[in-house]
Amino acid sequence: MDNDRPIFLQIAELIENSIIDGSLVEEAQVPSTNELAAFHRINPATAAKGVNQLVSEGTLYKRRGIGMFVAGGARARLRERRRDRFTEQYVGPLLAEARKLGIGHDELMKMIDSFGAVVGRDLG
Amino acid sequence: MTAVVTAHGLTKRFGDVTALDDVSFALAEHTIYGLLGPNGAGKTTLMQILTGQAFASSGNVSVFDAPPVENPAVLSKVCFVRESQRYPHVYTVRHVFHTARRLFANWDDTFAHGLAADFQLPAGRLVRGLSRGMLSALGVTVGLAARAPLTFFDEPYLGLDPAARQLFYDRLLADYAGHPRTVVLSTHLIDEVSDLVERVLLIDRGRLVLDEDADDLRGRAVAATGRAEAVDGFAAGRTELHRERLSGLVRSTILDGLGPHAKALAQTLNVELEPLSLQQLVVRLTAPPTTVPPTTTAPADREAAR
Numbered sequence: 001m002d003n004d005r006p007i008f009l010q011i012a013e014l015i016e017n018s019i020i021d022g023s024l025v026e027e028a029q030v031p032s033t034n035e036l037a038a039f040h041r042i043n044p045a046t047a048a049k050g051v052n053q054l055v056s057e058g059t060l061y062k063r064r065g066i067g068m069f070v071a072g073g074a075r076a077r078l079r080e081r082r083r084d085r086f087t088e089q090y091v092g093p094l095l096a097e098a099r100k101l102g103i104g105h106d107e108l109m110k111m112i113d114s115f116g117a118v119v120g121r122d123l124g
Numbered sequence: 001m002t003a004v005v006t007a008h009g010l011t012k013r014f015g016d017v018t019a020l021d022d023v024s025f026a027l028a029e030h031t032i033y034g035l036l037g038p039n040g041a042g043k044t045t046l047m048q049i050l051t052g053q054a055f056a057s058s059g060n061v062s063v064f065d066a067p068p069v070e071n072p073a074v075l076s077k078v079c080f081v082r083e084s085q086r087y088p089h090v091y092t093v094r095h096v097f098h099t100a101r102r103l104f105a106n107w108d109d110t111f112a113h114g115l116a117a118d119f120q121l122p123a124g125r126l127v128r129g130l131s132r133g134m135l136s137a138l139g140v141t142v143g144l145a146a147r148a149p150l151t152f153f154d155e156p157y158l159g160l161d162p163a164a165r166q167l168f169y170d171r172l173l174a175d176y177a178g179h180p181r182t183v184v185l186s187t188h189l190i191d192e193v194s195d196l197v198e199r200v201l202l203i204d205r206g207r208l209v210l211d212e213d214a215d216d217l218r219g220r221a222v223a224a225t226g227r228a229e230a231v232d233g234f235a236a237g238r239t240e241l242h243r244e245r246l247s248g249l250v251r252s253t254i255l256d257g258l259g260p261h262a263k264a265l266a267q268t269l270n271v272e273l274e275p276l277s278l279q280q281l282v283v284r285l286t287a288p289p290t291t292v293p294p295t296t297t298a299p300a301d302r303e304a305a306r
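Chains A and B, in that order, are what the protein sequence lines are.
So in our numbering, the last one in the first sequence is 124, and the numbering has no gaps at all.
So in our numbering, the last one in the second sequence is 306, and the numbering has no gaps at all.
Okay, chain B solo, but in the shape it has when bound (with noise of 0.2 Å):
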């Protein structure tokens, strides 16, 4: 693969906070990532990183194989489409139009209006006047109409409803099917963008746990439903990340579940498997540790037992 990213050892430290950890990964060209992980997890910090916005405290960085950090070079192929992008007091959307314009080589302003059309984005408004939803927009309009090799967008979708962000997922596909780059899709609505993502990385407090091809995880992880003893035949010798319990059946979540044979162990101890979508998989990868005890009892049980 050509790489337009590699990172070795990133670590970034705000105080005794580690904000990133020892992160090593490459981004190739021409593919789409997800940017997985949960608030706080190092992800915006991640990317301010790669586009030159912040230094790390260790390690090092090469875009398009050069540091990003003041490289008109480097900066000039790299779009940051960042979840609250401040505007100039007095611009109106066609400013903004016009700022990218100069900023970036593939911009096609053509394809700009005709976004900014399909999601009802008045050209003449002034920035500071568009709702949530309509700046949501404005981002995913110069995200997409840049056309930068490298483009990242850092929870675009806040305000957007449904409608407008499956425009946002089918102009990103159909453009990029022309155009092809490496998007960094950083979100949260991650059922949303599983089948659009090529790969995943995942960050969890500050460290990198998944960097996988999206395909290659689906089915990784399943949901096992059974009576107690036969889950815990299915399980051992698994990796199990969740455990629930409802009277005498056991869910337990895990990790490499499908094997060749499990399917026919399953079948043979009566347990059913269900695939754990992607969304299922990280929040299960990323859930910090409970401290509600896992309850056995649910209290309308209780006051009947009374």
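Extracted from the complex, chain A is given alone in its bound form (with noise of 0.2 Å):
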């Protein structure tokens, strides 16, 4: 767990990792809170909390004395709410750093096609 922000965010952010890379699937149930703290080594009332947040939210939703299942529709939403975040938080700082170390426009588009060629993940 990282230092600088409350662990059941990180937690919430977990949970929503595995149902964007589709290892939790809609309708799949979710590990309970004391999986999760047994699994992150975290007291299980902060995993509660980043759980609850998720069930506030709608992404997960309760059944009663069953446990937690991820909702329809959950998927496409938190995908939205990313897409929204990333220039903010990946382009931002690729752009503050690019300039810093004076590479330019052409040099940096040139960068992200080998390296995407290089790893195999073309983004076209």
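No incorrect hints appear here.
Listed below are the simulated DSSO-like cross-link pairs for lysine-lysine, each with C-alpha atoms no more than 27 Å apart in a straight line:
{"id": "1", "chain 1": "A", "residue 1": "K110", "chain 2": "A", "residue 2": "K100"}
{"id": "2", "chain 1": "A", "residue 1": "K100", "chain 2": "B", "residue 2": "K263"}
{"id": "3", "chain 1": "A", "residue 1": "K49", "chain 2": "B", "residue 2": "K263"}
{"id": "4", "chain 1": "A", "residue 1": "K62", "chain 2": "A", "residue 2": "K49"}
For the record, the hints were derived by calculation from the structure and aren't laboratory data.
Keep in mind that this is a model prediction, so the values were computed, not measured.
Please dock the two separately framed chains into a single complex, following the hints provided.
Right under this line is the structure:
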């Protein structure tokens, strides 16, 4: 866990990531707070707070006596929200560092293309 | 919250030494607390008062809605694992378990023997023949298997290797999940427990200086590093706890360093922000004033300048 952000937010984000990358599909059951606490070695109350945040946002829903499940449409909504933050979170710092190092627009685009080719994930 | 402990204005004096100075707080049920602070801060004294082993000089304390001193109804719900617990000379590990079974209503013998096996604690061994680490393992085992609604661990880890400490933390979390209770962990190994505890009580020189959710303390303080005038600009109007210098570079430890606009300001000023871990925060909040003036020139540099 990082030091700079509350653990409950990090737990919420980890679950969101699993939903976005498809390892937790819609209507699938989410690990219980005790399972999350044991796996991440954190306090169960903190894990519960992260899960409850996702419930209040409509990403998860509770089936009484059974557990938490991924809500329908959660993946699309989370992707939409993450895309909105992409510019601020990733493009901004990238441009700031490029400016600091004197990397121009064309050079930067070339770097992105060739790096994408190296890791075999062409964005095109 | 349902309080299992309430303390109001607790003060404890030993002669002209004030070990606890007007301490007030409450402990909620089903919560794991970290009781932190330097040696001599008053942690053990506080736990002794809460467990009825010492009297406060003034102030009052209530445990399960009653004074704890010589109160069997209260004390049967309380387990205090001390750093140096003494046992009768002839006791084996099994004798300790027998005694614990009579003391604690929720004692789980199967759990105790399982823990003993995990810690490789031989049940037939005389307690006085146990190593320091084994003695700690015994204390931890009793503290967990007692399942007391209010359990204190006073530096339970002495002599325990990292693997055994991890075992303790894992068993504590797992058993707490099934049997919620109030646990107070007094420890100096703050980094090891900072994710485990829900709330932090920090005591320094007899005074309670923090009583907060552990998660709220994350990222509370930051180390801001950059050129001196940039750091000065960032630190202006904030509480600075500590400052270090290396030629033109300054690292300032700032409390409440991450406000909503702090990151943007730091970026503009070219100041690097690094969040402090709970352990680093505690160190900065409780460090005694240093007598050595901050050096700006290392000895090697002075040699070179000659």
